[in-house]
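As given, the protein sequences belong to chains A, B and C, one line each in that order. In terms of this note's numbering, the first sequence has 165 at position 165, counting the first letter as 1, and numbering is strictly consecutive. In terms of this note's numbering, the second sequence has 188 at position 188, counting the first letter as 1, and numbering is strictly consecutive. In terms of this note's numbering, the third sequence has 786 at position 786, counting the first letter as 1, and numbering is strictly consecutive.
FYI, nobody ran anything at the bench for these hints, they're computed from the structure. Any given hint could be a false lead.
[Said to hold, decoys possible] Taking lysine-lysine pairs in the BS3-like style, the calculated list, with each CA pair at most 25 Å apart, reads:
(1) C:K383 with C:K477
(2) C:K34 with B:K34
(3) A:K228 with C:K423
(4) C:K477 with B:K34
(5) B:K109 with B:K131
(6) B:K106 with B:K131
(7) A:K228 with C:K477
(8) C:K549 with A:K228
(9) B:K66 with C:K34
(10) C:K360 with A:K228
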Amino acid sequence: MQTQDLETPADLRCIETALSRAQAELPALGPLLTAFGPLLAERARLRQAAPGWTGPKLVIDPERYSQGAFVLAQTEFGGGFEDMSAHLQKAAKTLLPVMARSFPAIAAELAALGAAIADGTLAPQALAAAGFGEGLASSDDMPVPGVSEQTLNFAASELVRPFVERQAQDLAALVEALPWRQAHCPVCGGAPNMSVLRRTAVDNEFIQANGGRRFLRCSCCATQWTYKRVSCPACGCEEPDELINLRDPARVHERADACQRCKAFVLCLNSVELAEVPDLDVAALTMLPLEIQAKKQGYAPLAEHPWSSL
Amino acid sequence: MPKAILIDTTRCTACRGCQVGCKEWKNFPPVATKQRGTHQNPPDLGPYNVKLVRFSEHMEADGTVKWYFFPDACRHCLDAPCKSGASLPDSIIQDKETGAVIYTEKTAKEDFATIKSSCPYDIPRLDPKTKRIVKCDMCIDRVRANLLPMCVKSCAMGAMSFGERADMLKLAAQRLVAVQKDNPKAQLCDMESVSVIYLVADAPNMYHKFAVAEAANTPGMTRKEMLAGAFSPLRKIAQSLQG
Amino acid sequence: MTQSYTDIANADAVLIMGSNCAEHHPIAFRWVLKAKEAGGVVIHVDPKFSRTSARSDFHVPLRSGTDIAFLGGMCKYILDKKLFFADYVLNYTNASFLVGEKYSFKDGLFSGFDASKKKYDQSQWAFEKDEKGMVKRDKTLANPRCVINVLKNHYERYTLDLVSQVTGVSKDNLLKVYDAFAATGKPDKAGTMLYALGWTQHTVGVQNIRLAGIIQLLLGNFGVAGGGINALRGEPNVQGSTDHALLYGYIPGYHNTSIATWKTLEDYQKANTPKTVDPLSVNWWQNRPKYIVSLLKGWFGDYATKDNDFGYNLLPKLDPGQDCSHLFIFDRMYQGKIKGGFLFGHNPCQSFPNTNKVRKAWDKLDWLVVGEVFHNESTDNFKRPGADPKKCKTEIFLLPSAYRAEKEGTISNSGRWHMWHYKAIDPIGQCRSMGDMVVQIMGRVRALYAKEGGALPDQVLKHELPATFNADEMCKKINGMFTRDTKIGDKEYKKGQLVPAFPLLQTDGSTTSLNWVYCGGYTEAEGNLAKRRDLAQTPMQAKIHLYPKFAWAWPVNRRILYNRAGVDLVGNPYNPDKAVIAWQDGKWVGDVPDGPAKPMAQGGPYPFIMQTEGHGQLYGPGRVDGPLPEHYEPAETPLTVNPFSAQMSNPCMKQVHASEYDVLCKNGDPRFPIVLTTYCMTEHWCSGSETRNGPALLEAEPQQYVEMSPQLAEEKGVKNGDVVVVESLRGRVEAVAMVTVRIKPFTVMGKTVHLVGMPFAFGWTKPKCGDAVNRLTTSVGDPNTTIPEYKACLVNLKKATKVTEL
């Protein structure tokens with residue numbers, strides 16, 4: 001597998017540059033960018049400070065791995081990221097106010113949620129469970145009065161994500177040299193909601209391929225891995241006539257790679273010609289119109305973004 | 001954040017993809033050329049050729065042949081002598097964002113000889129039709145749209161890289177170490193003062209007379225420093241005259 | 001190629017000879033550099049210092065046309081110093097075979113030469129056989145008639161001194177190359193040889209490659225990763241077109257074109273199916289009858305039955321000895337014996353040798369159909385400088401062709417990878433692909449025939465022709481199908497089902513296949529395998545960059561040919577770190593082996609399965625000009641004596657005679673003392689008829705030039721950039737002098753011999769860019785293939801007094 005390391009210090013700058021460029025280029029998306037931009041930035045800050053994988057050293061069986069058994073499927077304790085609930089109280093203090101400013105409609109709910117987390121009414125473990133979409137979802141009685149289930153799940157998943165992403169960086173490093181040919185995430189088994197074609201510089205003094213390799217990006221832990229270019233990650237179809245890409249002629253580097261056979265699509269940023277690869281969350285955000293267009297045409301994404309349903 | 005281009009000539013094979021790509025992107029008309037006994041063509045930079053691959057071949061005493069290639073273009077000096085030498089404030093400007101040195105249409109009002117002689121790399125050329133002074137603009141239109149400069153994009157050999165100056169300096173230092181292993185004379189041409197940095201494996205003058213801005217005749221001073229020193233007061237005089 | 005491009009990276013030594021790989025096969029050169037980065041040595045032997053030389057470890061200049069002397073010296077060096085891979089040579093090559101007593105070699109001629117016919121009686125070179133028909137062998141190698149001893153004896157004359165004097169390569173340089181390459185004779189080392197037209201385009205072209213093959217056999221470099229003999233083909237799809245029998249002497253799949261004396265299919269099969277009595281020899285060509293019948297069945301469909309010899313008699317037949325290669329075609333055209341024809345993908349009035357003759361021959365056609373993208377020297381020949389269009393009788397039909405990206409189809413790369421390419425955009429205007437043109441034209445001709453009749457009606461009407469051209473459908477037909485429900489072993493195949501692989505092709509008409517080597521490339525389960533782009537491979541395969549799931553390689557997706565020679569008798573790879581195949585737990589792993597049979601130690605067959613006797617041929621009695629390569633000078637040589645023998649040039653050399661242009665200098669002709677070699681260039685493609693239409697490319701390389709050494713320039717009073725006239729006995733060409741240290745004078749037999757080089761991309765249809773260099777070259781050819789000697793002829797040059805072409 002080839003994973004792309006995210007250099008944390010550059011993350012923030014990258015997000016900011018991408019946001020300001022998107023603001024300038026796509027005024028229509030202004031409100032969306034204003035809402036999610038600060039959230040993405042705050043998440044990056046949290047990710048930078050997060051502890052990473054502190055659990056036992058994992059031993060990966062290359063044979064099983066090459067058959068599609070992702071890293072977390074090979075842990076002794078049954079898979080899943082390490083519990084990060086101990087960090088969530090602190091994280092909530094910075095992240096929830098940012099969210100409140102970004103999403104005034106649920107500001108009151110977020111404030112109530114913040115208070116409940118701070119005073120322990122909502123146990124960090126329960127919060128983490130909500131973040132992973134487990135446990136509280138079916139509960140009739142809201143654990144925090146005045147906070148809707150939807151808001152709780154949204155906030156919790158945003159809180160959990162930086163820790164997950166940081167852990168995934170460490171785990172991905174374990175399998176860097178191993179081949180991975182699946183369409184699901186090599187770290188957590190999640191589905192991709194974004195992809196990118198990157199220039200890959202080969203350390204060779206002769207002709208370089210400028211076509212760019214395709215990386216899929218996990219919707220859950222943001223790990224990126226190489227994947228065969230002309231193929232549908234949902235059904236494996238490789239017939240070029242069946243694989244189309246939808247795009248806005250004005251934005252030639254963005255597209256939705258769709259499969260006519262299985263009706264799935266994944267967003268794709270072709271960064272081969274770009275001087276700088278923008279932050280992929282921001283890039284995905286700017287591709288929301290494309291995502292909507294693809295859905296209108298009857299295609300379904302392999303996985304959603306937090307803003308997909310807006 | 002200033003940008004830079006690193007040109008690793010040890011990887012260049014003189015395929016001239018950059019020369020042709022540049023021309024195509026700029027939509028410059030073809031120039032009627034003649035074979036003059038070298039593969040280098042057109043013979044020199046010109047108003048319709050702001051990027052040119054220079055060829056130079058040498059035979060060493062033991063009969064070993066060396067063949068060097070140098071994709072020449074504006075260096076986009078951090079402190080550009082041509083800018084200092086300009087009489088108008090907005091004929092030659094430096095883009096804050098990228099550091100690109102841009103010649104505007106107002107260069108038509110500049111004295112070409114002055115601007116040309118101010119350049120330690122012998123880059124500026126006059127467009128006889130528009131009277132504008134012409135050179136590479138780092139594909140500022142592309143760079144602003146987050147696209148690679150055309151020469152870098154078209155380089156199939158991986159000899160050219162574009163990015164943040166800090167990143168390019170880092171890359172340059174890495175490559176220099178690697179190249180120096182087999183080529184002790186390898187160096188980065190005028191790295192501290194330019195945005196287009198050439199890595200050469202041998203003495204720069206083996207590649208091109210103007211590969212580096214060496215002092216022609218002033219001891220202790222580079223030619224560039226000399227030119228900058230000479231022109232800066234001139235500019236002030238010009239400005240004062242124009243009010 | 002015995003290997004693939006990706007395999008070059010595995011080499012410990014890369015000998016590039018007769019190729020300017022970096023400039024003309026730039027993508028392939030990536031793999032050369034990978035080998036270099038991994039510690040391999042890259043050697044460039046070529047008359048001129050080029051960009052390939054600049055990126056190699058070292059460059060050795062060689063006088064054009066002396067490759068056999070150079071390699072013969074290496075062969076002697078390997079034998080004298082015992083640097084060969086002894087086990088390999090003994091077990092896998094014919095080193096121990098006894099050469100028959102009739103064989104001899106005296107002063108440049110092998111036994112059996114008939115001087116009047118310029119032909120050998122090849123039967124005199126046969127191996128000695130016992131009463132059962134088995135080739136006699138002496139595994140102690142003591143018998144002086146053992147191949148290895150005959151070989152030693154033959155190259156005894158190729159001493160360092162003599163080779164150096166003939167080739168113009170210094171002894172130091174010879175040793176540098178010999179040492180570096182011969183070091184790959186160790187079991188765990190491999191060396192590859194990369195060549196292109198610099199080896200083939202000589203009157204000894206085939207023997208150049210034969211000798212390279214001999215060296216690779218001695219060093220044990222076949223069947224291993226990073227070894228082999230590797231012809232660099234390229235974008236013109238030379239590999240694919242050769243497979244599908246572009247050349248007149250073959251029908252698709254490397255079968256001979258039938259000749260008039262083979263009156264029935266049985267005659268043909270008998271003459272073309274080799275036999276061996278050795279049970280351990282696979283002798284794969286014994287299967288030829290199945291491929292021939294399947295080919296005929298594919299061509300003639302339901303019409304082809306056992307009773308009518310599957311349509312065999314509808315095939316055109318050559319007279320015995322008839323040569324229809326382009327040298328002879330143009331000779332006949334010059335004599336007015338050819339009325340008209342179709343031309344695709346060629347620009348003969350620019351790129352064929354002795355172009356002055358070709359251009360005049362062209363004038364004699366009544367009609368000509370050309371499929372082209374641009375006007376070029378052949379489409380517009382009647383307007384050429386000095387010609388009067390009004391006097392040209394030829395009616396020319398120019399069919400606008402689709403450009404590469406405007407059509408879909410396959411290309412076969414040098415590594416035999418069958419690769420599909422998709423159409424990017426529709427052709428502009430009325431442009432069509434060649435397939436479409438051919439099918440449409442032939443369809444209308446057949447309609448006319450059906451209505452009005454005509455000459456040879458069965459040949460025109462019985463052939464299966466699709467209504468429209470579809471490249472993917474064509475791939476299916478090339479693969480082949482069952483013509484009826486068939487049971488083979490315990491497996492049943494339905495009518496119309498694709499044949500899974502060529503071992504299932506039949507002689508009874510139950511299968512079709514338009515080219516057996518491609519059979520297996522289109523499957524029921526996975527479709528057209530040329531479309532595969534999967535980089536998956538096992539760790540063992542990954543070590544040698546095998547990529548078995550990327551596209552599909554003939555035969556049966558085998559990436560490295562003769563890979564059974566890459567393992568020892570029990571099936572262990574000679575180089576375990578770069579194993580191609582290995583016998584593990586009762587089966588082969590890695591690449592697709594040359595047959596599933598057990599290793600030799602367990603009674604398995606010999607590894608060289610395409611050879612009748614199963615062994616690599618150090619001694620090869622199959623070529624018309626000798627069982628062992630011998631140095632002969634080019635047809636035009638600056639020498640007056642060939643120091644190797646009294647035989648100056650290849651005694652069997654092909655020559656044509658019809659015109660005043662078919663003349664050759666006498667040996668060492670003082671009027672023409674300079675050797676000319678010709679080549680392609682990076683900025684222009686082939687004859688330049690496309691790329692001269694690209695303004696930025698023309699700006700970068702605008703005009704005909706001639707590269708020469710400073711010494712020659714001084715001798716001739718020529719300065720860099722002067723226009724000179726280069727003359728041969730056949731024509732004159734104006735060119736700009738490019739005086740360069742990249743070309744050095746040679747010291748040959750104590751004399752200075754100058755060499756100049758010129759590209760062939762410039763033609764008169766672009767004004768002032770110069771005109772065809774091939775007006776200088778000779779119409780002589782290799783006796784096996786009739787490939788012309790583009791790479792060496794004699795010229796003189798002087799400063800031009802009047803310039804008309806530039």
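Inset, instruction - With a cut-off of 25 Å on the C-alpha distance, tell me whether B:K106 and B:K131 pass. - result: holds, 10 Å
Legend entry - Pairwise hint evaluation, B:K34 against C:K34, where the allowed Cα distance is 25 Å at most: violated, 37 Å
Legend entry - B:K66 paired with C:K34 [C-alpha distance capped at 25 Å]: Between B:K66 and C:K34 the Cα gap is close to 22 Å, so the pair holds against 25 Å.
Inset, instruction - Mind checking the alpha carbons of C:K477 and B:K34 for me, to see if they're no more than 25 Å apart? - result: violated, 51 Å
Inset, instruction - Sort out whether C:K477 lies within 25 Å of A:K228, counting only the CA atoms. - result: violated, 29 Å
Inset, instruction - Given the hint that C:K549 pairs with A:K228, test it: the Cα-Cα distance must not exceed 25 Å. - result: holds, 12 Å
Inset, instruction - Measure nothing beyond the straight line between the CA atoms of C:K360 and A:K228; if it is 25 Å or shorter, mark the hint as holding. - result: violated, 54 Å
Legend entry - A:K228 paired with C:K423 [C-alpha distance capped at 25 Å]: holds, 20 Å
Inset, instruction - Starting from B:K109, check that the Cα of B:K131 is at most 25 Å away, please. - result: holds, 8 Å
Inset, instruction - For the pair we were handed, C:K383 and C:K477, check the Cα-Cα distance against 25 Å. - result: violated, 42 Å
Going down the numbered hints, you'll see the structure goes against 1, 2, 4, 7, 10, while the others check out.
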